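S.K.: Based on the provided sequences and hints, a complete structural model is requested.
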Amino acid sequence: MLLICGTIPQADAGLVMGEARFNGSKLHVGNTEIPCTQGTAALVSAACIVASHCRINAPQVIFAGDTGSGQGSRLLYDYLMKNLPQLSPDILLLHYILPVMGLMKKVSKVTEKCSKKPVMIADASSMYAAKAAGLAGQFDIFTPDLSEMEFLADAEAIHPAYISHHLFRAEIAHIDELIEAAYRQKSMAKTVVVKGAIDHIVQDGKITFTLDRPDLPQLEAIGGTGDTISGMVGAFIDAGFSHYDAAIKALKANREAGQYAQATPATKISQIITAIPKILNHN
Amino acid sequence: MIFKRTKKQARFVGGGLVLFQSVEEAIAAEKVLRANNYDVKLVAPPPQLRKGCDLAVEINIVEKAGVERLLRQKDKHFAEILPVKGVGELLDVVKVKYFADACMVKAGNMKLTFDKNTGVILNISGGGCPDIPYLHLSMVDKKITDVARPKDKGHTLCALMLDRAFVEALEIFRKETN
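Taken in sequence, the protein lines are chains U and F.
Count the first sequence with my numbering and you get residues 1 to 283, in order.
Count the second sequence with my numbering and you get residues 1 to 178, in order.
If you're looking for bench data, these hints aren't it; they were derived computationally from the structure.
Honestly, I wouldn't trust all of these hints.
Straight-line C-alpha distance at most 20 Å; calculated EDC-like pairs for lysine to aspartate or glutamate [what the hints assert, rightly or not]:
#, chain 1, residue 1, chain 2, residue 2
1, F, K97, U, D212
2, U, K186, U, D140
3, F, K97, U, D215
4, F, K85, U, E156
Computed from a predicted model, the values in this text were never measured in an experiment.
M.R.: This is the structure we're talking about:
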């Protein structure tokens, strides 16, 4: 079972839990309709599409309503600390949750009480918290973009807003240096999927795959195109693919969906998500 | 002066410090933050970070935007908010990329893209803190001159990075339309 945890931009939503259902345009969890926007909603929508394509169960989801105050995030951390052993997911994907180092440490610790330690995936702020708390080695997969890779390479930064200037000036051509630095200071998960103009898969500190076609620089502008990759990676792993193959399939599907949708900088993530089934069915 | 530490306070590690000129300011700020559900702790700042007094309030540095706004709203004086480790200043480098009719401004992990002709915000991407989807919903498809600054509505460091991109984008738009 794939369990996805994150937030939705509704301050008073509390916790919304259950199996996710995506019908091609609308995302539901239980009786709650979730706007399919940038963030965890986009991630879950893409994961649902892959699950449907692979004929496996849809992901289980725990959404917390949070517009940034952190109250919903704290509810979510608390719920996970109390209930993860009972849930014992095969894969735990942590996403947009206010980064609180102490609480992330506790959640990570609780996973040891699951019947089998889940495959641990972190993206967005959950990845920030995992790295800042020194927990990167506990995670199987991180999915940073280039600026987040710079953050992983900065030994002292506890958020991408505080990375050193010389690292932010780095371009994709220097990614091998960023990877080496991040790996040296143990800020890398076992597999790291770097999303960018050139996508990279890094395993145990070595680049094992790159992808730069189709070349769609406009995807960087579209909020949610990284979220969809992370969601697809989680769902492909749930369908039985290796971490490496899941990452390759997700990266390829995302670019091809962008091409199919004839993406421009004004394209919304819902348009890319709508194109994903067509790409998966074609390949 | 003796400060009683609860177990919860002792465990909290937030990575950020609010620095003050006086002990009274620190105590008043801690009270306001705690009353507004922030996890905080009174601590002694390291000597190199001291700004006037030997008491600081430790916060979750990710919540810098919300903490700063609350203290200003409540008229609580502070000298500075800094991370405990690493560079003390927020990243202030921005990168600009042009598409046919659009301009993308990137600050740290945040990117804001607007239509060069109309000023409409086309997309916001990057980031990872939970106020970003909220800011995305409240800003996208609106004209850049008509929306509130992200730092006035957001709570986190991602919101402050988006604010840097927003300010730069607004300046570019104004220059291009004048």
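S.K.: None of the hints should be skipped; say for each whether it holds.
M.R.: Cross-check of the supplied hints:
1. F:K97 / U:D212: With a Cα-Cα distance of about 18 Å, the restraint between F:K97 and U:D212 holds, given a limit of 20 Å.
2. U:K186 / U:D140: 13 Å, holds
3. F:K97 / U:D215: 16 Å, holds
4. F:K85 / U:E156: 6 Å, holds
The structure agrees with every numbered hint stated previously.
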